[in-house]
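Please build the complete structure, drawing on both the sequences and the hints.
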Amino acid sequence: MVDEIINFKELFKKIKRYLFLTITVAIFSAVIAGVVTFYYLTPVYQATAQLLINTEQNEQTGISFSNIQTDLQLINTYSVIIKSPVVLEQVAEELGGVFTTDELNEKIMVQTESSSQVVNLTVTDTDPLQAAEIANITADIFQNEIVDLMSVDNVRLLTPAAASTNQSPVEPNLIVNVAVSGLIGAMFTLTIAMMKEYLDITIKAEQDLAELDLPFLGAVNLLSDQKMKKIYTTKKSGEKVIPVRRDLYEDQKEKQTI
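Counting from 0, one number per residue, gives the positions in the sequence shown under numbering that gives the first Met the number 0.
Just so you know, these hints were derived from the structure itself, not from any lab. Predicted model only: the values in this text are computed from it and were never measured. Careful, some of the hints might be misleading.
As the list claims (entries may be wrong) - Below, computed lysine-lysine pairings styled on DSS-like, alpha-carbon distance capped at 30 Å:
id, residue 1, residue 2
1, K195, K15
2, K13, K195
3, K8, K195
4, K195, K82
5, K82, K106
As the list claims (entries may be wrong) - Label pairs and their calculated CB-CB ranges:
id, residue 1, residue 2, range
6, P42, E92, 43 to 53 Å
7, V175, S114, 17 to 27 Å
8, L18, V43, 35 to 45 Å
9, L94, L71, 27 to 37 Å
10, L18, T99, 24 to 34 Å
11, G96, Q68, 37 to 47 Å
12, L40, G95, 39 to 49 Å
By construction, the Cβ of each residue, glycine as well, lies at the ideal position given by its N, Cα and C atoms.
Pasting the structure below:
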């Protein structure tokens, strides 16, 4: 337990040593991601039209539970028909041939809630107004086509797709991209720093010798600029001084193991 605490403290010291570099790289990565997201990535918008699958009420019997169950069972079938060539070819023609059926198929997404008679027809496009137009045209054509295909008129447009030029894009997400890039930058820096630390096998402290079961002979204090200047000044004045190696001069508080 004590060894684990010591190791944790050593790890924390190593992380603290590279803290400034880690923060710098994280901020730099976040800024780069923000610039790329804001200026270079094309924003994508969504528009959703809601369809209600509901059999018309009979004045005498009303809507029975069996009718509701039938409508729910048809929803999966309707979800497939919406994206079928029968519908999408008419949508492509209505849009003036701007998109192929395959392109429309990729843009359109059909979602349903469990035990719900509502179908969400969502279209993704780089133009919010065009996304709404595609959604509404698809919903309208499907509503008319289902009468011929299924011989039943139980599809109603519940909510048409609406869009404006001021709406926010669904992607790219600026906040998420900045946060993720900053986190990746920080993790990458720490990983490289820790690898550098643990792959460095040079002896730096008395503890390193103890771990290798080697004897500790002693240590030499490293002299600061001020101390070195004082020694050289004393030597020039004629006093006897002990020669000191210039390469030992770094930091008075650090020690070099012999």
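Hints, verified against the model:
no.: 1; hint: K195 <-> K15; in the structure: 14 Å, holds
no.: 2; hint: K13 <-> K195; in the structure: 11 Å, holds
no.: 3; hint: K8 <-> K195; in the structure: 18 Å, holds
no.: 4; hint: K195 <-> K82; in the structure: 55 Å, violated
no.: 5; hint: K82 <-> K106; in the structure: 10 Å, holds
no.: 6; hint: P42 <-> E92: 43 to 53 Å; in the structure: 28 Å, violated
no.: 7; hint: V175 <-> S114: 17 to 27 Å; in the structure: 32 Å, violated
no.: 8; hint: L18 <-> V43: 35 to 45 Å; in the structure: 37 Å, holds
no.: 9; hint: L94 <-> L71: 27 to 37 Å; in the structure: 31 Å, holds
no.: 10; hint: L18 <-> T99: 24 to 34 Å; in the structure: 54 Å, violated
no.: 11; hint: G96 <-> Q68: 37 to 47 Å; in the structure: 41 Å, holds
no.: 12; hint: L40 <-> G95: 39 to 49 Å; in the structure: 28 Å, violated
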